[in-house]
Amino acid sequence: MRIAETNKSIARIIQAEIDQKTKPLASLGIVETLALQLGVIYQTKTPRISNPVVFICAGNHGITQRGVSAYPAEVTAQMLLNFKNGGAAINVLAKSFGLQVEIVNAGVDVSTIANLVNLNPPIADSTQDFSSQDAMTSIQCEAAIDLGHKRAIACIETGTNFVLLGEMGIGNTSAAAVITSIMTGFPIDVCVGRGTGLGDQALIEKQQILEAAIEFHGREHEPLTVLRKFGGLEIAALVGIIFAAAQSGCAILVDGYITTSAALIAVAIEPNVADYLIYSHLSREPGHRIALDHLHGTQILSLDLCLGEGSGAALAFPIVKAASEILCEMATFESASVSTAKSEDQ
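Residue 505 in our numbering is what sits at position 208 of the sequence shown, and the numbering runs on without skipping anything.
Any given hint could be a false lead.
To be verified - Dumping the calculated DSBU-like pairs for lysine-lysine here, alpha-carbon to alpha-carbon at most 30 Å:
no., residue 1, residue 2
1, Lys381, Lys618
2, Lys381, Lys392
3, Lys381, Lys447
4, Lys342, Lys320
5, Lys392, Lys447
6, Lys320, Lys305
7, Lys392, Lys342
8, Lys639, Lys447
9, Lys381, Lys639
For the record, the hints were derived by calculation from the structure and aren't laboratory data.
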């Protein structure tokens, strides 16, 4: 996968434009940092966001058979119906902030839920239990990446230039924890969290199960191998969306721990992907900080979130949109006939 590096020569021009806005230098803090990143991604001093889409990639995980989640696997399909009916947190947030929601069924059996028959057919009904075998075959992994890529391209071709990442999959914090541990080199015990709300003893058992799974497979660092052995079909689909968006020159707003684990894989495959990634928030999951640090990512929000669905990305979106509008619409000292600050030697 070849992703073009952003042309950073324009950064000086955009930074000069930001510095000439009618405000003290750097007084808008991270909003200015975001404005600069958007300008570099879109290669313009007026980066307009159009038709933003939040992709909710869904997949079930065989590892849930080992009791690593407080919720049963059937909740994933039930939540897909909730998304479709507009009743989930992400639906409310998307409606509030003008976001289109796209559901990508990468790996959930919805055959018994009549109102979901019009979703795309999944690559498989679930991954396998990675404590004793590979989560996916190579064919399944590649197909899930391709599914995400095609779904993103379809939206981009109709005018979307900004992508938000979301997910749904009971058990996927286990996959994210193992991916984070192997890709960053940190031990699994500091990457494992409570997920959907495990108690203390269940958390200890989850850690032990994941430690044993890593020992069973080994710490092979090749990213596609890590994804195939431990990942989820929805995580693979997210990798495909990241590639499609970056190839098309779109900004990508990453959500929480699961979507950041997909970013770890995508950046390891193609480092230039990192130029297009914006990190929305810091999750309550302890491994998320480790993943963000490895990616040199600075989050916009820290709200103690651990929901997923793209909820953190949606909450951060208005700040990113504001950064775009500041760069596009805010007057400069010259255009507003406002006196600039005196230089220090005056």
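Evaluation of the provided hints:
A distance of roughly 26 Å separates the Cα atoms of lysine 381 and lysine 618; the hinted pair therefore holds under the 30 Å criterion. For a cut-off of 30 Å, the pair hint linking lysine 381 to lysine 392 stands: about 13 Å separates their Cα positions. Proximity of lysine 381 to lysine 447 is assessed by CA-CA distance (about 20 Å); at most 30 Å being required, the pair is judged to hold. A C-alpha spacing of about 17 Å is found between lysine 342 and lysine 320, which places the hinted pair at or below 30 Å, so the restraint holds.
Note on lysine 392 and lysine 447: the hinted pairing holds, with a Cα-Cα distance of about 24 Å set against a maximum of 30 Å. This hinted pair checks out: lysine 320 and lysine 305 have alpha carbons roughly 24 Å apart, not beyond 30 Å. For the hint pairing lysine 392 with lysine 342, the CA-to-CA distance comes to about 28 Å; that is within 30 Å, so the pair holds. With a C-alpha separation of about 53 Å, the suggested pairing of lysine 639 with lysine 447 is violated against the 30 Å cut-off.
Pair hint lysine 381 plus lysine 639 does not hold up; C-alpha atoms about 57 Å apart against a cutoff of 30 Å.
Of the numbered hints listed earlier, those contradicted by the structure are 8 and 9.
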